[in-house]
Amino acid sequence: MKKNLTQPHIMVLSDVHNAFVPLLEGFLVTLAESEALVDSLMDHIPRIFANEPSTEIILGPVIQVGLEALKNANCSGKLLVFHSTIPNADAPGKLPHREGQKLLGTEKQKIALSPQTDFYSKLAQDCVAAGCAVDLFLFPNAYVDIASMSPLCRHTGGQIYKYTYFQSHIDGDRFLEDLERNITTPTAFDAVLRVRTSAGISPLFYYGNFYMSNATDIELSAIDCNKAITVEFAYDDKLPENETVFIQAALLYTTRTGERRIRVHNLAFPTSIAMPDIYKCCEMDATINFLAKHTLKQLLDHNPQQVKNSLINRSVKILSCYRKNCATSTGSGQLILPDSLKLLPLFINCVLKSDAVSGGPDITLDDRSFSMLAVNSMDVKSTATYFYPTLIPLHDADPDSNGIPNQIRCSIEKLSDSGAYLLVNGIYMFLWIGQAINPDWLQNVLGVQSTNQIDKQKELNTPLSNKIRQIIEDLEEDGQWYMRLTIMVQGDKLEIVFRQFLVEDRGADGSPSYVDFLCHLHREISKNP
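The sequence shown stops at residue 529 when you use UniProt numbering, and every number in between is there.
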């Protein structure tokens, strides 16, 4: 695609076992100089392959060539890979189909969730060494083995986007929004993160999507503001009271313009021997972010039920310690929770019920792997919303008010037949409409008079429709993924999907409601002296 060409040229690399870049000049171009050629290429690709359905698909050599192109250009960057089926051709990275669905939720689950080859892990390490991140845009109609491909994103700081049974009129806007965000989000490339501390504590474990070739340096081919690294610290020595503990996070990275920079964050924390002070300073959302990522790490190596029990026991110890050392009243019939962690039982139950942690045979293997990888890179705000979705009543929305209506609890008991509710968790977005909704609301928002006339979202220029559209846009802003709005009416077949996000209720799989789990936790706490 050299700027002096009138149309893009095609070169065929037939030896997929020895992939290389067939040319240097014109393979990577500056958009400002070759925009017309890029547009022409985008137009030509569908035409060229419209009548050439291929049954043999490769993935590994494509990434190898992209990596070599960046290395030859002596620059860092990221590869956006658009892929639809399991790589089954006789080429590096071939993945045979495996039957792992029935293993989910069993002692052998870790086999199904682990890569069946080390090819993509080794390729990811090569990418990290060159500062090359990999983002996968997947369009599967069947199993593609995300578990085996995921090291490409997990180790390079990349991300997976998934559009199952893609249809352009349904998923096209979501794909374009995801692609635009991916390209335009400010990103640090070829980054190295090091966390230092003062005497007395030290980093113990790191959680997130990155690679570590040694015990101190976190290597990230790319990282942006929508991703986070979670750090667990350990006591190395006794901390003197009333002294300050220091933590420094230093990120060495390359900007889009090629500048090498260092960003440094310094934190200072007071120490205390008073247990009430410790609990008072606990941060709920950060605690859940850590516990969730720790649990996901354990699931890759241990029995899933043991991992879940370990999370429950850890929660019991946290709350039992508070009851023993901080509470003024310790009657056995009363559950005493610290103000800062009063929602810990709620969120622990949500973590245990989530697709990322407990997705059993009713969830596809690819969906389970996608959920685990997604949570592993989430920041504090995103994990809070993922595990406890935002549920907002829209039937009383005031077109003249500012901001978003107050959210309500995620329970079917909070839904009214005459109401309309928006539910978002950062990946999915649903609009649930009761059968008895006011026809005027339907007319003003969706342009129909009855719930059985609802087909798809219409953009009406009414004050109420504009207000609700603004609410949706506000909730969409700054997320990792663009959420496609799914509209459903009370009693629809899709309602069973919606109800699994009402996390305070008993799950269809028998998972406990929030009230039942709270009672269970209370009994366990009471057993601790």
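I should point out that these hints are in silico values taken from the structure, not numbers from a laboratory.
Note that the structure is predicted; figures quoted are calculated from it, not measured.
Accuracy of the hints is not assured; some may be wrong.
[Unchecked claim] Straight line, CA to CA, 25 Å or less: simulated BS3-like cross-link-like pairs of lysine-lysine:
id, residue 1, residue 2
1, LYS317, LYS238
2, LYS94, LYS110
3, LYS308, LYS342
4, LYS527, LYS342
[Said to hold, decoys possible] Pairwise CB distance ranges, derived in the manner of DEER restraints:
id, residue 1, residue 2, range
5, ALA508, ALA436, 19 to 29 Å
6, ASP396, LEU5, 55 to 65 Å
7, LEU5, SER198, 56 to 66 Å
8, PRO439, ARG98, 50 to 60 Å
9, LYS238, PRO96, 34 to 44 Å
10, ALA73, ILE273, 30 to 40 Å
Here a beta-carbon is modelled for each residue, glycine too, at the ideal position from N, C-alpha and C.
Taking the hints in turn, this is what the structure says about them:
1. Only pairs whose Cα atoms come within 25 Å are accepted, and LYS317 paired with LYS238 is accepted, the gap being roughly 22 Å.
2. At roughly 21 Å between alpha-carbon atoms, LYS94 and LYS110 fall within 25 Å of each other, so this suggested pair holds.
3. Taken as a hint, the LYS308 and LYS342 pair is honoured in the structure, with Cα atoms around 20 Å apart against an allowance of 25 Å.
4. For the hint linking LYS527 to LYS342, the alpha-carbon distance of about 20 Å falls within 25 Å, and the restraint holds.
5. At roughly 24 Å, the beta-carbon separation of ALA508 and ALA436 lies within the given 19 to 29 Å, and the hint holds.
6. With their beta carbons about 59 Å apart, ASP396 and LEU5 fall inside the hinted range of 55 to 65 Å.
7. Remark: the range hint 56 to 66 Å for LEU5 to SER198 is upheld by a beta-carbon distance near 59 Å.
8. Taking 50 to 60 Å as the suggested C-beta distance range, the pair PRO439 and ARG98 conforms, at roughly 52 Å.
9. Checked against the given bound of 34 to 44 Å, the beta carbons of LYS238 and PRO96, roughly 54 Å apart, lie outside it.
10. Distance hint for ALA73 and ILE273: a CB-CB separation of about 56 Å, inconsistent with the stated range 30 to 40 Å.
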